[in-house]
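Chemist: The lines below spell out each chain.
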Amino acid sequence: METSIYTVVAFYGLALTILGAATLVVFARNIVHSVLFLALTFIAMAGLFLTLDADFIAAVQVLVYAGAVCIMVVFGIMLIQRADMKATNLFNRQLFTGGGVVALVVALCAVFAGRTAWAEMVAAEAVPEGTVQFIGALLMSKYVIPFEVAALLLLVALIGAIVLARDEEVKADAGD
Amino acid sequence: MLVEFALYHAWLVPLLPALAFGVIVFLTRPWPKLSAIVAVGSMAVACFFATLAAYGVFTNHEFVEKPLVYATRWFSLGLPGMPEVQIDVGVQLDPTSAMMLFMVSFIATFIFLYSIGYMEGDPGFSVFFSYLSLFGASMLLLVISSNLLQMFVAWGLVGLCSYLLIGFYSHKISAREAAKKAFVTCRVADFGLLLGLLALQIVFGTLNLTELSEKIAHFEEYTTFGMLTLIAVLVFIGPIGKSGQFPLHVWLPDAMEGPTPVSALIHAATMVVAGVYLVGRTLFLFHEVPSAMQLVAVTGGFTALFAATIAITQREIKRILAYSTVSQLGYMMLALGVGSLTASMFHLWTHAFFKALMFLGAGSVLHALHHKADVWEMGGLYKKMPITTWTFVIGGLAIAGIPPFAGFWSKDEILVATLSEGHYVLFAVGAFTAFLTAFYMWRMIFLAFFGEEKPENHPHESPWTMTVPLVVLAVGALGAGWVGTPWHNVWAEWIFFGHPHHGPVNYGAMLLSIVLAAAGIYLAYMLYLKDAKKKRARRLAEWFGPVYRMLYNKYYIDELYLWFNHALVDGTARLMYLFDIYVVDGIVNGIGGFAKLSGDGLRVFQSGRLQNYALIFFLGVLAVAVLMAFTGPSAASLVLGGVK
Amino acid sequence: MLAISLTHYVVLSALLFSIGLFGVLTKRNAVAVLICIELMLNAVNINLVAFSKYVTPTDFIGQIFSIFVITVAAAEVGVGLAIIIAIYRNRLSVNLDDFDWLKW
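Chains A, B and C supply the protein sequences, listed in that same order.
Position one of the first sequence corresponds to residue 1 (the numbering used here), numbered consecutively onward.
Position one of the second sequence corresponds to residue 1001 (the numbering used here), numbered consecutively onward.
Position one of the third sequence corresponds to residue 2001 (the numbering used here), numbered consecutively onward.
Simulated from the structure, these hints should not be mistaken for laboratory data.
Be aware that a few hints might be false.
Covered, in the sense of this in silico footprint (three residues per stretch, anywhere, with C-beta under 8 Å from a C-beta of chain B), are these stretches of chain C [what the hints assert, rightly or not]: (1) 2012–2026; (2) 2094–2101.
Quick list of simulated restraints, FRET-style, between CB atoms [said to hold, decoys possible]: (3) 1597/B / 113/A: 37 to 47 Å; (4) 1590/B / 146/A: 51 to 61 Å; (5) 2101/C / 1597/B: 19 to 29 Å.
Note that the Cβ used here is the ideal one computed from N, Cα and C, for glycine as well.
Hey, can you work out the whole structure from these sequences and the hints?
Modeler: Written out as structure tokens, the structure is:
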């Protein structure tokens, strides 16, 4: 499949941004910095989705991840980390064992990637323009039950988060 | 009319005391006098019916050849692949059972009456009478059984009553121990009997006495001679225990821990003769097996002599009587072993009277002396207790075998039967035992009732409820044998096995037995009455020191059993204990230890830290991924427990 | 040879996943672990969308699944943060090494 030079440049640029930002997320010593790099990763990811002809997903990615999730995490951090933020994101004792396992995962992935005949899987057709209407139709017809379940899940998560995070004293007051 | 009714409703006889048992237990227990009246009354009515039934049997000669049998089906058991088992429960009335029915109910009535006086003031008065009633019911049921299984049930019930009554004074350790000993010993024997009965049922398909006697008469159609011998020996083990034959006699002397009426009723007159009765009932089985007959005869003869020698040295009045009972039971077995049902049942009949009499007399003495049992501490009781003394003397004359008292005729019958069957050694044993019997009985009588009075004793004659039975039984001890005199033997015309036996009158044997009995009494007189200081008796005991001690300690049989128990049973138990501790527990503890060790090893992995778990989890994921990649999905699904 | 193929995306996804996994296994701060889980989920999303484009371009299954993944991830962050806050209130710590109560 032919690809334009812009796509190639865009892919490599985005890929480097994603990997670099993700690495910084992990290695940053300040948790707030980590979250900022996370937002950067998410935005770059949205770009990557655009190169994959998934404009709706890209929009969702920006809205949900870069917007909602990152903000929520920042609020969470602000509720928890009160004093100094400098050394809030350190490694634990299993840095090297964890590194070893990750290396194994990478190695295995490489082996599998090498063993798989990717070219045979690729289909001939191109993705149609404007995916939103297709996705919308599918979500309301074939995948309506998972869709509703997801909605229910969000509701439950909402209530659960409120119940869990509610202050004990407030609860005690409400009880009186 | 009434006789007819009694004949065809003989099951009423055991039923009445059984009802009395229920009434006492559930209704009249708080009122001792009422309980006693219920028990004695029901037994008296039962005795009345039994007498009528016995009268009916003994006036109709048909019943000798063809017993009156009526039964109802108790249960039948059909198992696939096996012939159907049908068990009846019923009544078999023939002269033997009619005699027993009358004898048991008659003696029981008077012993019940006697118990009112003897047990007066005892806190367990009502309970005692309920037990006695239950015993009476079971014993009468045993007697009229038409079926060996029914008989075995009653056999077990009388064993239970024996246990309850021996241990009646349950505050005494010795009484509890004696009860336990009696029960366990009898159960050991009953196991043999049960095996024998099972074998009979399996081989012959029935336990009905009449059917069995017909089938065993030509047993070759059913089984081999060896099997029949085995069955006979197994069946005989039961009577060995119940009738106190050597080597299972040990429980009977200890059973004297029970109240004296119990000793008189159960351990002298009725229950202990159940073994003899059972052998008599199944004599058709033993008759086919000469070796079994031999066994019965030798066991009986040996027991008779053995127990008599022990009785010579004993000091407690009831113990002497107990060994004498064992000895007399040996006589009965001996008679059965030589094939004379007549003589055996005759001796059973007379023995019931004079031995019950003597036990009740002993009870009267104990009652008067506040349970001081050693005959050496008694003496001169005849002045204060005339009725007891003279009835006891009648009993002593009867058991010693002085004519015309009852014991003479029956003992003579046994000796003659032994002689006429050609068992000369057993005849000698029997005759010598007769001499010993006369000696030890009169030793006891001279020591206890005559001689010098002991100033520390304050005896008094017993109340009428106790003396009336004594007098009645004394009349029995005097006259019960007259039905079987050698000149006109009515007894032998009614009770016999095979054909009635009419031997010529054997004056030689008669003379010998009189001489031996008289010699025994004279010897006792010389040693224990004439020689007031008993110097000679003591000197004799010293001369025969080891023998005397051996006899006094009952041949150390109890010690032998104890040793056997300790060495063998406890030793095995000890071994098993060690096995259990070291091997069985070792395995269990080893498994536990293994689990603990492996847990100790594996707990390293349970750090409690989430990320550690995640790490291990991912290692597992990697392993599964590798497995799936390099061996295909089926092997991985195998590892994952069949998840497809 | 400058063509961008499925392989590129898959490799990118694998690397991102590995970075996320590394963070999950080695970070001490509970919030950081949560963030790294988001990275891993994103790596999965890349795969889903890439396969959707290259293998089943007209079915959109991959895209729909990635929408569900995003939904679940959002819910998970919400609940996860709530849990962390609740724990923090009890223990005054977000250090996962302190949370070893799974072993009693």
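Chemist: Indicate, hint by hint, whether the structure satisfies it.
Modeler: These are the hints, each one checked on the structure:
1. Under a criterion of three residues with beta carbons nearer than 8 Å to beta carbons of chain B, the stated coverage of the segment 2012–2026 of chain C is upheld, 4 such residues being counted.
2. For the segment 2094–2101 of chain C, the stated coverage by chain B is satisfied: 5 residues place a CB nearer than 8 Å to a CB of that chain, which reaches the threshold of 3.
3. Under the hint 37 to 47 Å, the C-beta atoms of residue 1597/B and residue 113/A, about 44 Å apart, fit the expected range.
4. Between residue 1590/B and residue 146/A the Cβ separation comes to about 54 Å, which falls inside the hinted range of 51 to 61 Å.
5. For residue 2101/C and residue 1597/B, the hinted distance range of 19 to 29 Å is satisfied, since their beta carbons lie about 26 Å from each other.
In this structure, none of the earlier numbered hints is contradicted; all agree with it.
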